[in-house]
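*Asks:* These protein sequence lines are chains A and B, in that order.
Just so it is clear: in the first sequence, position 209 is 209 by this note's numbering, and no numbers are missing.
Just so it is clear: in the second sequence, position 87 is 1087 by this note's numbering, and no numbers are missing.
Don't read these hints as lab results, they were simulated from the structure.
A quick note: this is a predicted structure, and the numbers were derived from the prediction, not measured.
Among the hints, a few may not be true.
[Claimed, not checked] Using 30 Å as the maximum straight-line C-alpha spacing, the simulated DSS-like pairs for lysine-lysine come out as follows: (1) K1015/B / K1082/B; (2) K362/A / K1015/B; (3) K2/A / K18/A; (4) K2/A / K1015/B.
[Claimed, not checked] Here chain B is said to cover these stretches of chain A; the calculated rule only asks that three of the stretch's residues, wherever they fall, bring their Cβ under 8 Å from a Cβ of chain B: (5) 7-21; (6) 257-264.
All residues carry an ideal CB built from backbone N, CA and C; glycine is no exception.
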Amino acid sequence: MKLFYLVKKEFIEITRQKELLFLMFVGPVIQIIILGYVISTDIRHVPVGIVNMAQGQAAGQMIQRIRQTPLFNVRYESEQSVDNLDLLKKGEVKAMLIFRDALDQKRHILKYPEVQILMDGMDSNTSMIAAGYFNGVIKNYILHDMEKLGQGLPFSSRAVFRFNPQLRSINYMGPGIVGFLLTIITMFLTSASLVREKEQQTLDTLLISPLNTLEIYIGKALPAALIGLLDMVIGLLVVVLWFGIPFRGSMFYLFLASLVYLAAILSYALLISVLSATTQQAMFFSWFSLMIFLLMSGFFTPVDNIPPLLRILADINPLRYLLKIIREIFLKGNGIAYFWKDLLALGGIALTLMAVSLLNFKRFLSK
Amino acid sequence: MVRLEHVSKSFAAIKAVDDVTLDIQRAAITILTGADGAGKSTIFKMLVGLVKMDSGTIFLNGQDIGGNYSCLTSVCGYMPEKFSLYTDLSVEENLNFFAAIQQVPLRRREELKQRLLERTGMGPFRHRRAGALSGGMKQKLALSTILLSSPELIILDEPTTGVDPLSRIEFFTIIETLKNEGKTIVMSTPYLDEAEKGDQIVFIKNGCIMRQDSIAGLRNSFPARLFRILPRDNIFEAMAGIEAIPGLAGQAHMRGKFIRYMQTGTENLGRQIPHLEMVEEKPTLEDMYIYYERRQ
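Sequences and hints are given; from them, build the entire structure.
*Replies:* Listed below in structure tokens is the structure:
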């Protein structure tokens, strides 16, 4: 019962702060919508320059295909040689396509032109993807042309994309953003709660009350957990209803994984709160941790890309496992048989963090 | 009721409390007074277990508590120096919360709350947020929350610091009533006029108890005599004249139009400074504090 009143008190305190309420329940909706549009690995409207010095029809038809795709925006066209490097340096274009006639040994013009693709490699990711698309457009044109003449290739390969057939990056990012928001809300709310009691000296009053350590610990974590779960539901609704991301898995497993994750992240946040002397310190500590969690989670780039030595950090990062599980549940509709190992790892991290956090909490209270 | 025996506490190289032995008498007001950083708050925190003692023993009703602070906190209410209630909660919500965590039976809560609101005159402000209360009302609310559990021992750490004079008077009226109801009160204050209201006064300096006694006991055992000297002309010249007297053991200091002289030796001051008008006075608590403070 004492715990109930402690939790109730926490809720009253939170709900009295209107700005905080806005940030907790409206903020995530705004954040998901903005992040959903902004964090995208899809490429769109890449500015392209084209120099067509070829005389054959094929070059013109290839250029026409490039113009028609929404991936590229042809900003510059010329039929004479230009200073390609200068255009790339100025940033007017990200790619230069140079079409020249290909000649055989007798210097006869061949049917298909020679194509040189010059890319601005500064943004390596976009460049790689765009270069791949250029090659695809050109190869498809030639293949199509050969098929018309009955000269198809002796073999064919076709990639089939399962779980996200349109290759929408939001389908991959959306569930990740929900997991990330769960982390932000709960970590900031919890790491500030105990340290605020320290600053206000209300902790002393709690400590000499009949409340025991575990009750204070749970009383601090529970409100943030409930608010975090509510935010997660809001986030799920936004990504499903606004962005149309399919939810194929089990809601039960999603909440199970989220609860295990919450145990981990709340323990960590309480550890921050115990170690911090002021709210400002707690906020800095939380922000620093959040960045590490995010960068090491596979949110932006695959965890496999992380160098082996740093991968240890990724292996003990609870967000990494949550994101993997959420994405599997969301897009693949996977059940526990597919992600039990990740759930187990997450549970292990949660238990370790809880033990460390509770131990520190007890040590702090008994000082 | 409570006895601290040879209690010490250091924070790094700083000795906050140094071999303190203190008796807190039942149904009486014990007041600890001393400068900031004298160790008053640390003594209170050790008493309720918020700060661990380095050495010493605490006895409750003659029994060594032996590190089991819950037996002490179960009979005491502690009000920290800084206002430590939830500012976003209303007066009533604070009372409800503290009644709940102090496990006040549900059927008694409402009645107790009403009585406390009436006693402290906070009834009309029951729905006001604690953060929006005046300094005096905040302290009265803080006191009310600790009274919810009807503690035998009430520990108040500088409850009137920063509180307006009228609220201070009201606060002390409540304290007196509590004492008359049989409660044991131990509090600290930097104000010596307030300390005079204690049944037992404890002077503290640098973590050590300089003196502890009742006001009458302190007066009776005060080893110095106090004189008020009225200069005939210029007070500064008179002061310089007194200081120039060879072999004068006491201390003189100006206080408005007068010079106060604390005689600690056996000198016949009247003979040494015959040209000044002198009246012997009863020493105030302030005089006694200054005497012991300087002697140490």
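*Asks:* Taking only the CA atoms, is the gap from K362/A to K1015/B under or equal to 30 Å?
*Replies:* The given pair, whose Cα atoms are some 25 Å apart, holds under the 30 Å limit.
*Asks:* Taking 30 Å as the top limit, are the C-alpha atoms of K2/A and K1015/B close enough?
*Replies:* violated, 38 Å
*Asks:* How does the segment 7-21 of chain A fare against chain B when you require at least three residues with a CB closer than 8 Å, holds or violated?
*Replies:* holds (count 6)
*Asks:* Quick check: do three or more residues in the segment 257-264 of chain A have a beta carbon closer than 8 Å to a beta carbon of chain B?
*Replies:* Per the Cβ count (0), the hint is violated.
*Asks:* Is the hinted pair K1015/B and K1082/B satisfied, with a Cα-Cα distance of at most 30 Å?
*Replies:* Between K1015/B and K1082/B the Cα gap is close to 22 Å, so the pair holds against 30 Å.
*Asks:* Hint check: K2/A vs K18/A, CA-CA at most 30 Å. Holds or violated?
*Replies:* holds, 26 Å
Going down the numbered hints, you'll see the structure goes against 4, 6, while the others check out.
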